[in-house]
Amino acid sequence: MTYNSIDELQQALRSQLYVADRGLATAIFLALKLGRPLFLEGEAGVGKTEVAKVITQLLDTDLIRLQCYEGLDVHHAVYEWNYTRQMLHIRLLEARGEHAAEAELFGPEFLLRRPLLQAIENTRDRPRVLLVDEVDRSDDEFEAFLLEVLSDFQITIPEIGTLKAERPPFVVVTSNRTREVHDALKRRCLYYWIDYPTFEKELEIVRAKVPHAPAQLARQITGFIQELRQADLYKIPGVAETLDWTAALVALDQQALEPSIVDETLGVILKYQDDVQKVKGEHVKAILDRIRVGS
Amino acid sequence: MNSTETSSGQFLHNLILFGRLLRGLGLDVNPGRMMDLVHALRFVEIGNKSDFYHTVRSLLVHRHEDVPLFDQAFDMFWQKPMEGWTTLDLSVFGGKRRVRRARITPPPVREEAAPPEDNQAGSPPADQPPVLQVTLTYSDREILRHKDFADLTGDELAAIKHLMANLVWRLGERRTRRRKPGPGEGVDLRRTLRRNFKYGGEVLEWAHREPKFKPRPLVILADVSGSMERYTRLLLHFLYSLAEGLDQVVETFLFSTRLTRITRQLRGRDADQALRKVSRAVSDWSGGTRIGEALKTFNFGWGRRVLGRGAVVLLISDGWDCGDVSLLHEEMARLQRNCYRLVWLNPLLGSPGYEPLTRGMQTALPFVDDFLPIHSLSSLEDLAEHLVRLDERRLARRQRRAIAA
Numbered sequence: 069m070t071y072n073s074i075d076e077l078q079q080a081l082r083s084q085l086y087v088a089d090r091g092l093a094t095a096i097f098l099a100l101k102l103g104r105p106l107f108l109e110g111e112a113g114v115g116k117t118e119v120a121k122v123i124t125q126l127l128d129t130d131l132i133r134l135q136c137y138e139g140l141d142v143h144h145a146v147y148e149w150n151y152t153r154q155m156l157h158i159r160l161l162e163a164r165g166e167h168a169a170e171a172e173l174f175g176p177e178f179l180l181r182r183p184l185l186q187a188i189e190n191t192r193d194r195p196r197v198l199l200v201d202e203v204d205r206s207d208d209e210f211e212a213f214l215l216e217v218l219s220d221f222q223i224t225i226p227e228i229g230t231l232k233a234e235r236p237p238f239v240v241v242t243s244n245r246t247r248e249v250h251d252a253l254k255r256r257c258l259y260y261w262i263d264y265p266t267f268e269k270e271l272e273i274v275r276a277k278v279p280h281a282p283a284q285l286a287r288q289i290t291g292f293i294q295e296l297r298q299a300d301l302y303k304i305p306g307v308a309e310t311l312d313w314t315a316a317l318v319a320l321d322q323q324a325l326e327p328s329i330v331d332e333t334l335g336v337i338l339k340y341q342d343d344v345q346k347v348k349g350e351h352v353k354a355i356l357d358r359i360r361v362g363s
Numbered sequence: 199m200n201s202t203e204t205s206s207g208q209f210l211h212n213l214i215l216f217g218r219l220l221r222g223l224g225l226d227v228n229p230g231r232m233m234d235l236v237h238a239l240r241f242v243e244i245g246n247k248s249d250f251y252h253t254v255r256s257l258l259v260h261r262h263e264d265v266p267l268f269d270q271a272f273d274m275f276w277q278k279p280m281e282g283w284t285t286l287d288l289s290v291f292g293g294k295r296r297v298r299r300a301r302i303t304p305p306p307v308r309e310e311a312a313p314p315e316d317n318q319a320g321s322p323p324a325d326q327p328p329v330l331q332v333t334l335t336y337s338d339r340e341i342l343r344h345k346d347f348a349d350l351t352g353d354e355l356a357a358i359k360h361l362m363a364n365l366v367w368r369l370g371e372r373r374t375r376r377r378k379p380g381p382g383e384g385v386d387l388r389r390t391l392r393r394n395f396k397y398g399g400e401v402l403e404w405a406h407r408e409p410k411f412k413p414r415p416l417v418i419l420a421d422v423s424g425s426m427e428r429y430t431r432l433l434l435h436f437l438y439s440l441a442e443g444l445d446q447v448v449e450t451f452l453f454s455t456r457l458t459r460i461t462r463q464l465r466g467r468d469a470d471q472a473l474r475k476v477s478r479a480v481s482d483w484s485g486g487t488r489i490g491e492a493l494k495t496f497n498f499g500w501g502r503r504v505l506g507r508g509a510v511v512l513l514i515s516d517g518w519d520c521g522d523v524s525l526l527h528e529e530m531a532r533l534q535r536n537c538y539r540l541v542w543l544n545p546l547l548g549s550p551g552y553e554p555l556t557r558g559m560q561t562a563l564p565f566v567d568d569f570l571p572i573h574s575l576s577s578l579e580d581l582a583e584h585l586v587r588l589d590e591r592r593l594a595r596r597q598r599r600a601i602a603a
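So the protein sequences, as listed, match chains A and B.
For what it's worth, the working numbering labels the leading residue of the first sequence as 69, then goes sequentially.
For what it's worth, the working numbering labels the leading residue of the second sequence as 199, then goes sequentially.
Please note that a few of the clues may not be correct.
Unchecked claim - Below are the DSS-like pairs computed for lysine-lysine, each with C-alpha atoms no more than 27 Å apart in a straight line:
id	chain 1	residue 1	chain 2	residue 2
1	A	K101	B	K247
2	A	K121	A	K348
3	A	K269	B	K247
Stated by the list, open to error - If you want a taste of the chain A side facing chain B, the calculated C-beta under 7 Å gives, among others:
id	residue
4	Y71
5	I74
6	R90
7	G91
8	L102
9	R245
10	T246
11	H250
12	A252
13	K254
14	W261
15	F267
16	V278
17	H280
As the list claims (entries may be wrong) - So the derived label-pair ranges between C-beta atoms look like this:
id	chain 1	residue 1	chain 2	residue 2	range
18	B	W500	A	D251	29 to 37 Å
19	B	Q471	A	A171	34 to 42 Å
20	A	Q341	B	D445	51 to 59 Å
21	A	L85	B	Q277	42 to 50 Å
22	A	A171	B	W404	45 to 53 Å
23	B	Y397	A	L180	19 to 27 Å
Rather than coming from a laboratory, the hints here were simulated on the basis of the structure.
Remember, predicted model here, so these are calculated numbers, not experimental data.
Note that CB positions come from ideal geometry on N, CA and C, so glycine has one too.
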């Protein structure tokens, strides 16, 4: 499916319950048009990974996800030979008195395809979406390797040769900035920093994602979180936390925010004890008073 | 689209000027990116300013820090009528840089014989110390090694700087999650299979893999407040020699009332040039000390980004703190939790009879893994040795005090 304008794409994203800024929509639109990877940075829980999932829906294709971690190597990211099968094959041939040819042993049937290879070796008629999640968790070695794959969309396996993608995947790379990702990698990509949403946008997200939440509750939750982001916290709650909290309060049959219930459920939105201590009690009351005046 | 066809020459011209402007401001813009941009703009309605803005931004900016500067440049450039623009007009931006800070003079040179200006104008400054060193006898050098940095004369200072540059720095290693071929415990199946082909499916020789070791990341937080002034100049040289001497990135921050990251400024082959850049970047030389606040800025803004992978933190300060004690307590605790090892280097610890009695020091000490002096060359040598020994195993976290040699 192709989109001819940014408006059209933004509408489509909205239809998949993803509320995107104009800027983000532009970046996605261009990434699709130019066939460039999209590099998304931002604090945890602002919907970076979600972008890849939504685009997968829009393109009606498969999502291939590569979760990065330290020490991620070629065998886990690209391919691995199926050693047990190879061994068994040799044994089998030996038993029959035959000798195994090398080319036979390193054929496609003995190849275990890991995410990057799956993304490159696409036999379907439409490109897939490749999500390289939390690239900042990987190490320099993997980053260098990824750079190579993303620039040419080809992978070399010594025993087989070079495989080039006929239909390069649409690549989304995300980073939480727990480490500076090398500029060379970012340079290959379209870069977009996803910020915390404004009140209106966040409310729209809450309504879209938790449609059965009472309207008043949704407004109050959004207002509360927006205020909380201004507070002096070590870890500011993201949109993911807003949604979790909304779901939690709906499950508790709440119609509106009350100081006691907020205190009891703070653990859903704040993940550091210092932060919980700081906010609990007085601070919660103060915020509630402020948002009541507003609404 | 039509409008771009007619005046595309003019538009392209402006676009290239804009690219040049951004490059002048320190953004990473190159001709390749500009070509991508021209290509990308074919898909976008240029008349829609917001779309145009996001298109340009997503292609030309790839660091979050650069966005505000880009915004300013964008507004300025694309609002004015374009006809009159020449590259000369871009000098409006002359004073602006990617990192914009007030120009402040470097910390005062104390007891230094030759002012730095002479050094720059004359022969390369590197020539001077070796000559001096020849004149140093062994015993001279021994005295120099133990002399407090604060009591050095100009000649000695130059000699010390030279000796400092010769110190060998290496950091304790950390076992990474990555493996490489070697006589380790893990089996390398790929190589095992290759080796045992010839035996017809019988595994006779095993190939192994072992973990790869890498030096731990190093983060330095150095106090350049008024009370540290006597040490500041040499401290900067120390920071530079450390950043240069280690073949890994060292994240360096200075603080007195505010925290300034100087990692980028410290890079470069020329020490004097690097230090000049540093002195321009820091706006509060010899100010008051608010260690707690500086640590908070660090913990909140940088901790998550630079303290990964078992980092070692060197905190260099005399512990004279005029900030909030409870804040210091809280932030020291947080800092220690987030790093592998927290080393406090105190220049006063070298003076005989020093007791860490100041309020700040008392508050911070329980959270310090190693408390070491940093007042003379010999203490730096001890530090170098200490850093190498930071191995896999860390002692239980409690206060330990190393007594100065």
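Hint check:
no. : hint                        : in the structure
1   : A/K101 - B/K247             : 19 Å, holds
2   : A/K121 - A/K348             : 35 Å, violated
3   : A/K269 - B/K247             : 21 Å, holds
4   : Y71                         : 10 Å, violated
5   : I74                         : 6 Å, holds
6   : R90                         : 6 Å, holds
7   : G91                         : 4 Å, holds
8   : L102                        : 6 Å, holds
9   : R245                        : 6 Å, holds
10  : T246                        : 5 Å, holds
11  : H250                        : 11 Å, violated
12  : A252                        : 10 Å, violated
13  : K254                        : 4 Å, holds
14  : W261                        : 5 Å, holds
15  : F267                        : 20 Å, violated
16  : V278                        : 29 Å, violated
17  : H280                        : 34 Å, violated
18  : B/W500 - A/D251: 29 to 37 Å : 18 Å, violated
19  : B/Q471 - A/A171: 34 to 42 Å : 58 Å, violated
20  : A/Q341 - B/D445: 51 to 59 Å : 39 Å, violated
21  : A/L85 - B/Q277: 42 to 50 Å  : 37 Å, violated
22  : A/A171 - B/W404: 45 to 53 Å : 25 Å, violated
23  : B/Y397 - A/L180: 19 to 27 Å : 24 Å, holds
Hint compliance for this structure: hints 2, 4, 11, 12, 15, 16, 17, 18, 19, 20, 21, 22 are broken, all remaining hints hold.
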